[in-house]
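The whole structure should be built from the sequences, with the hints applied where relevant.
In terms of the numbering used here, the sequence shown opens at residue 18 and continues consecutively.
Treat the hints as calculated values from the structure; they're not laboratory data. Be a bit skeptical, because a hint or two may be false.
Unchecked claim - Computed beta-carbon distance windows for the label pairs: (1) Lys52 to Glu21: 17 to 25 Å; (2) Pro85 to Lys52: 36 to 44 Å; (3) Thr29 to Gln84: 16 to 24 Å; (4) Phe56 to Pro85: 15 to 23 Å; (5) Gln31 to Gln84: 19 to 27 Å.
Every residue gets a Cβ at the ideal spot worked out from N, C-alpha and C, and that includes glycine.
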Amino acid sequence: MQTEIGSYDPATRQVPVSFTVGELVHKRAVNACLKNGEFDPAATADRVAQVARGVAVKMDLGVITEQPEPEALPAAAEVPAEPVETADTTAPAE
Numbered sequence: 018m019q020t021e022i023g024s025y026d027p028a029t030r031q032v033p034v035s036f037t038v039g040e041l042v043h044k045r046a047v048n049a050c051l052k053n054g055e056f057d058p059a060a061t062a063d064r065v066a067q068v069a070r071g072v073a074v075k076m077d078l079g080v081i082t083e084q085p086e087p088e089a090l091p092a093a094a095e096v097p098a099e100p101v102e103t104a105d106t107t108a109p110a111e
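Right under this line is the structure:
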């Protein structure tokens with residue numbers, strides 16, 4: 018497994034990480050390690066290695082898989098020009 022650690026974000030105290038095995042890429046944020054309130058790159062790299070072991074197991078089990086492509090939104094021409102009538106849910110039932 019390859020891991021790529023991005024830049025530390027002090028606002029979230031996290032680093033973005035890409036975990037790659039073959040064609041499968043899993044991206045997630047990992048909490049950074051701090052020492053005396055300052056970002057500790059070495060300790061964070063150790064933490065990322067720990068997370069990577071768990072990610073590898075989940076990939077092997079099929080829990081983490083390739084994400085499907087998001088469905089495309091309909092083009093403007095496919096959207097009805099006239100408003101669609103809906104039931105009035107504000108009126109009391111009789």
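Hints, one by one, checked against the model:
1. Lys52 to Glu21: 17 to 25 Å: 23 Å, holds
2. Pro85 to Lys52: 36 to 44 Å: For Pro85 and Lys52 the Cβ distance comes to about 40 Å; the hint holds.
3. Thr29 to Gln84: 16 to 24 Å: Roughly 22 Å apart at Cβ, these two residues keep to the hinted range, so it holds.
4. Phe56 to Pro85: 15 to 23 Å: 35 Å, violated
5. Gln31 to Gln84: 19 to 27 Å: Roughly 20 Å apart at Cβ, these two residues keep to the hinted range, so it holds.
The structure shown violates just one earlier hint, number 4.
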